[in-house]
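Student: From first to last, the protein sequence lines stand for chains H and G.
Per the working numbering, residue 1 is the first one in the first sequence, and the count goes up by one each step.
Per the working numbering, residue 1001 is the first one in the second sequence, and the count goes up by one each step.
Take these hints with a grain of salt, some might be off.
[To be verified] Ranges between beta-carbon positions, derived for each pair:
{"#": "1", "chain 1": "G", "residue 1": "Arg1081", "chain 2": "H", "residue 2": "Ala38", "range": "32 to 40 Å"}
{"#": "2", "chain 1": "G", "residue 1": "Asp1067", "chain 2": "H", "residue 2": "Glu85", "range": "22 to 30 Å"}
{"#": "3", "chain 1": "H", "residue 1": "Arg81", "chain 2": "G", "residue 2": "Ile1074", "range": "43 to 51 Å"}
[What the hints assert, rightly or not] Not the full set, but computed from the structure, chain G residues with beta-carbon under 10 Å of chain H:
{"#": "4", "residue": "Ser1041"}
{"#": "5", "residue": "Gln1042"}
{"#": "6", "residue": "Leu1080"}
[Said to hold, decoys possible] Listing some non-contacts, in silico: residues in chain H with all C-beta distances to chain G over 12 Å:
{"#": "7", "residue": "Ala20"}
{"#": "8", "residue": "Pro43"}
{"#": "9", "residue": "Phe65"}
{"#": "10", "residue": "Pro70"}
{"#": "11", "residue": "Gly72"}
{"#": "12", "residue": "Gln83"}
Just so you know, these hints were derived from the structure itself, not from any lab.
Ideal Cβ positions, reconstructed from N, Cα and C, are used throughout, including at glycine.
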Amino acid sequence: GAGVSQSPRYKVAKRGQDVALRCDPISGHVSLFWYQQALGQGPEFLTYFQNEAQLDKSGLPSDRFFAERPEGSVSTLKIQRTQQEDSAVYLCASRRGGSEGETQYFGPGTRLLVL
Amino acid sequence: DAKTTQPTSMDCAEGRAANLPCNHSTISGNEYVYWYRQIHSQGPQYIIHGLKNNETNEMASLIITEDRKSSTLILPHATLRDTAVYYCIVRVFFTGTASKLTFGTGTRLQVTL
């Protein structure tokens, strides 16, 4: 497709369950970002990849959060032992190059609800 | 990155210009002003960015004051589809590594008939 896609679009998990969220960036885009957006708030940075290298994971809230991009394209954000406070929209964005100034293109997000 | 201040919400009549202000009084000389918007249930969308000169593209115009401490995003003829949350972000153009966007809470623009 032409844009960033994410799946699933909606996920309901029971507290304690593990979840995996997928991001398909725009083909050929080098940089990939994950953001978390709580209800009524702006997105907050989680982690950043340049190709397969995770260069910044300073925004991951706990060691229950893990992200990977093994082949430098598709990325997966995994949350282990989900908690209610993990309920949020998880947004993925990609950028063509490694340059700071280029536009980030966002996917529609995955809305996670932890019961 | 410099902190920004935006009004929580604004209304605009369809067909009129929407002027969205942003204060960034602590902006540094190498920091750019970026605008993104987020339509309900979608991811944020890039609109425009600038350093010190006014900028215009097919979506909007960006007016930056001479002292660069504030800016205004202008949607010249707002439509119902422009209803969204608009985020003003100030950041350096190039740092070489991590390049996260730091969003605030933005301005919720409601365009009405």
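Student: Provide an ascending list of the numbers of those earlier hints which the structure does not satisfy.
Tutor: Structure breaks hints 1, 2, 6 and 8.
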